Amino acid sequence: MKKKTLAITACTTAMTLLLAACGGGNTGNSGTAEEGNKAGTASPKIKLSIWHNFSGDDLRAKAVRAQIDKFKAEHPEIQLDAQAIPPDGYRQRLKTVAAADEMPDVFFTQSGTSIKEFYDGGLIQPITSLLDEHPEWKNNFIPGSLDTLSFNGEVYATPLSGSATSFLFYNKSLFEKYNVKVPTTWDEMMTAVKTFNDNKITPISLGNKASWLAQSSIISSLADRVTGTDWFKKAVNQDGAKFTDPEFVQALTYFKQLSDAKAFQPGFNSLDNTQMEQYFVEGKAAMMIDGAWALTNMAASGTEEQLNQVDVTILPSVPGGKGDPKSMSGGSGGGLALSKRATGDQLKAALELIYTVSGPDAMKAIAGSNSIVTYNVDLDESQVMPLFYKAYNLYKSVKLTPVYDAYLTSSATEAVNNGLQELSMGGKPEDIAKKIQDAQARDLGK
Amino acid sequence: MAFTNRLRSFIIIGLLPALTIYLLFVIVPILWSAYYGFFDWKGIGAARFIGLDNYAEALKDPIFWRALKNNLIIVAASILGQLPIALLLSLILRKSTLFHRFVRSAVFMPMVVSSIVIGLIWGYIYHPQIGILNVLLEQIGLSSWIRDWLGDPSINMYSVSAPVIWANIGPYLIIFLSAIQNISSDVEEAAKIDGAIKGKWLYLIVIPMIWDTIKVAIVLCISGSLKAFDLIFVMTGGGPAQSTELLATYMYNNTFEIYRYGYGSAVSTLIIIISMILVLGSQVLMRKRGME
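Protein chains in written order, with UniProt numbering: chain A, 1 to 446; chain B, 1 to 292.
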């Protein structure tokens with residue numbers, strides 16, 4: 001009898017352990033099975049992992065993935081585990097593995113606040129040596145474009161693309177039909193809004209369900225025109241300026257004016273970015289304030305006839321603004337960062353991978369996919385969409401101002417995002433300015 | 001004596017695997033999360049011990065209380081919506097004809113559909129421009145009723161409650177069906193002879209006889225509604241301007257959008273405490289009623 005009990009105990013314990021192993025193992029390395037298979041072959045492979053969010057079907061994602069495939073083909077001695085994760089949940093997944101200290105060797109991260117969090121956490125190492133090895137690559141970046149990816153004089157990633165978050169797209173036919181001037185001043189903007197509303201055309205297409213859109217595309221540029229960039233940088237550091245300052249409250253008031261004048265389509269807080277772009281490209285709205293990503297999206301969803309009606313400019317100036325009106329929020333996009341844990345052969349392989357995916361060839365391929373890059377490339381006009389060519393030249397001709405969420409802390413960004421939704425539902429600019437101020441001050445411990 | 005001892009040890013051994021898994025994957029993470037709640041931690045880098053500050057901050061945050069209020073709306077909608085509808089349907093659909101079985105499967109269907117899909121479907125029903133609900137209202141001449149169902153903060157909590165009710169009737173229907181089928185036919189016949197028909201039969205026979213089942217259903221309903229997350233996360237994400245924030249979305253947004261892991265952990269611990277209070281409270285209330 002005793003023997004039997006023992007056997008049962010042994011059995012149950014074994015089962016428990018087995019189940020426990022199942023439960024815990026999922027998040028770990030997914031390469032274990034392959035490892036077992038390949039153990040029999042000759043030399044041990046260098047294992048390398050990369051995470052990125054170029055998972056979509058658009059041209060840019062395909063261009064980046066093609067570079068990764070090229071690296072795989074060129075380096076059979078490296079066993080590359082490439083994970084393409086959809087952009088929506090990407091940051092969350094990255095942060096979760098960061099919290100569990102299971103970071104991939106190379107990973108895509110946004111510039112500004114995002115990469116700074118990894119830097120502050122001591123999770124990444126610089127790639128300055130790689131840039132120094134390839135001066136022709138290093139020197140071709142547009143001046144200043146490495147700034148939001150560098151700390152303490154060391155570069156931690158190079159931008160895979162340039163971000164331009166605030167183009168004013170407009171429908172030429174609708175402007176001609178109703179004889180409206182493309183707005184260059186705030187008054188003209190409000191007149192245009194009124195005229196289109198009188199004619200039952202949505203003046204500005206907006207889909208702010210995900211709530212970052214009004215922040216990245218509208219307020220980043222609009223507020224800069226009111227407050228100027230210096231004020232913003234001071235407010236970010238909580239050094240001599242606060243978000244409760246009258247100039248920022250004024251910027252929020254401009255946004256509220258648009259919303260109060262019914263400039264956006266009904267229900268814009270429950271529509272998403274894609275729906276807003278479709279609404280505009282179908283000619284249901286006269287204008288749309290959106291980033292460079294809209295170019296590829298519109299190219300994918302609109303017909304040629306629809307696209308020919310679209311033209312692009314920048315937001316109008318505001319009366320008495322302290323900022324440069326010939327500007328647009330934008331800067332460097334994210335890039336590939338290198339985990340601190342990569343050493344020896346793995347480090348060499350990782351640097352090689354970064355060079356393949358973000359080096360000169362990759363830059364050319366990405367620019368050719370209707371995406372803005374912060375790198376000097378000779379863009380072949382015939383190879384890209386005409387609207388993109390126009391937007392790209394516009395981008396190069398204006399001053400770039402900070403995108404709010406690249407500079408603000410995560411909670412302050414969330415406060416701006418939610419605050420703009422609240423404004424459009426009847427909130428008061430002063431109250432929202434205070435919430436933003438409180439969030440930023442608390443995060444900086446001031 | 002030797003036999004009972006042996007039996008007891010066998011029971012303990014039998015329970016051991018389940019107990020170990022439960023401890024490892026339920027109790028330990030809860031304690032762990034409560035522990036993280038004492039830290040100011042971004043998920044990356046060093047955690048700083050700050051005592052009860054996170055808990056105090058949550059209790060002082062008006063959004064936390066709004067989330068709790070919204071959760072209670074969902075709880076109320078579930079108890080007052082799901083249970084009566086499920087009970088009625090179970091009375092109507094007791095028989096086993098083809099038609100009854102078909103309707104039963106139709107009611108149960110949302111349970112086997114992923115909540116993401118349900119969220120997307122209802123998101124489209126409520127869509128401000130192409131949504132079927134607004135189109136329908138317009139066609140039957142009720143254009144004045146047209147709303148931005150998910151965007152208007154004065155009604156969107158009720159809009160999101162509808163799919164929550166719709167999607168979760170299934171399991172309660174099954175529970176009630178089996179409970180009603182357990183009422184012996186002797187009782188039913190005796191009641192009929194005594195003149196208890198229709199409404200009387202429901203109040204005097206069915207409800208008292210399945211009261212214990214109803215109690216279980218209410219507890220399931222409360223705990224299920226406090227966990228509500230997926231449907232609303234897909235439809236509104238807690239927005240606009242946090243007007244449909246639930247405790248779970250509030251916790252999620254703080255942890256994974258703002259990256260305040262410590263604060264998020266504190267909120268999830270509070271969710272557990274609130275759930276326990278509500279479940280225990282409902283038990284006490286129902287016990288009193290049961291004794292009357």
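Hints were generated in silico from the structure; no laboratory data involved. A quick note: this is a predicted structure, and the numbers were derived from the prediction, not measured. Just so it is clear, CB atoms sit at the ideal spot from N, CA and C, and this is done for glycine as well. Don't take each hint at face value.
Unchecked claim - For lysine to any residue, the following SDA-like pairs were computed, each having C-alpha atoms within a straight-line distance of at most 25 Å:
id: 1; chain 1: A; residue 1: 434; chain 2: B; residue 2: 227
id: 2; chain 1: A; residue 1: 200; chain 2: B; residue 2: 95
id: 3; chain 1: A; residue 1: 340; chain 2: B; residue 2: 66
id: 4; chain 1: B; residue 1: 227; chain 2: A; residue 2: 93
id: 5; chain 1: A; residue 1: 47; chain 2: A; residue 2: 347
id: 6; chain 1: A; residue 1: 45; chain 2: A; residue 2: 88
id: 7; chain 1: A; residue 1: 284; chain 2: B; residue 2: 258
id: 8; chain 1: B; residue 1: 60; chain 2: A; residue 2: 198
id: 9; chain 1: A; residue 1: 284; chain 2: B; residue 2: 143
id: 10; chain 1: A; residue 1: 200; chain 2: B; residue 2: 138
id: 11; chain 1: A; residue 1: 446; chain 2: B; residue 2: 132
id: 12; chain 1: A; residue 1: 242; chain 2: A; residue 2: 324
id: 13; chain 1: A; residue 1: 284; chain 2: B; residue 2: 66
id: 14; chain 1: A; residue 1: 262; chain 2: A; residue 2: 347
id: 15; chain 1: A; residue 1: 428; chain 2: B; residue 2: 132
id: 16; chain 1: B; residue 1: 227; chain 2: A; residue 2: 394
id: 17; chain 1: A; residue 1: 262; chain 2: A; residue 2: 198
id: 18; chain 1: A; residue 1: 340; chain 2: B; residue 2: 256
id: 19; chain 1: B; residue 1: 95; chain 2: B; residue 2: 171
id: 20; chain 1: A; residue 1: 116; chain 2: B; residue 2: 227
Claimed, not checked - Computed, partial: chain B to chain A, Cβ under 10 Å:
id: 21; residue: 56
id: 22; residue: 60
id: 23; residue: 63
id: 24; residue: 141
id: 25; residue: 142
id: 26; residue: 144
id: 27; residue: 146
id: 28; residue: 152
id: 29; residue: 153
id: 30; residue: 156
id: 31; residue: 241
id: 32; residue: 257
id: 33; residue: 258
(request) Against the earlier hints, flag every one the structure doesn't satisfy and list their numbers going up. (result) 1, 2, 3, 6, 7, 8, 11, 13, 14, 15, 16, 20, 21, 22, 24, 25 and 26
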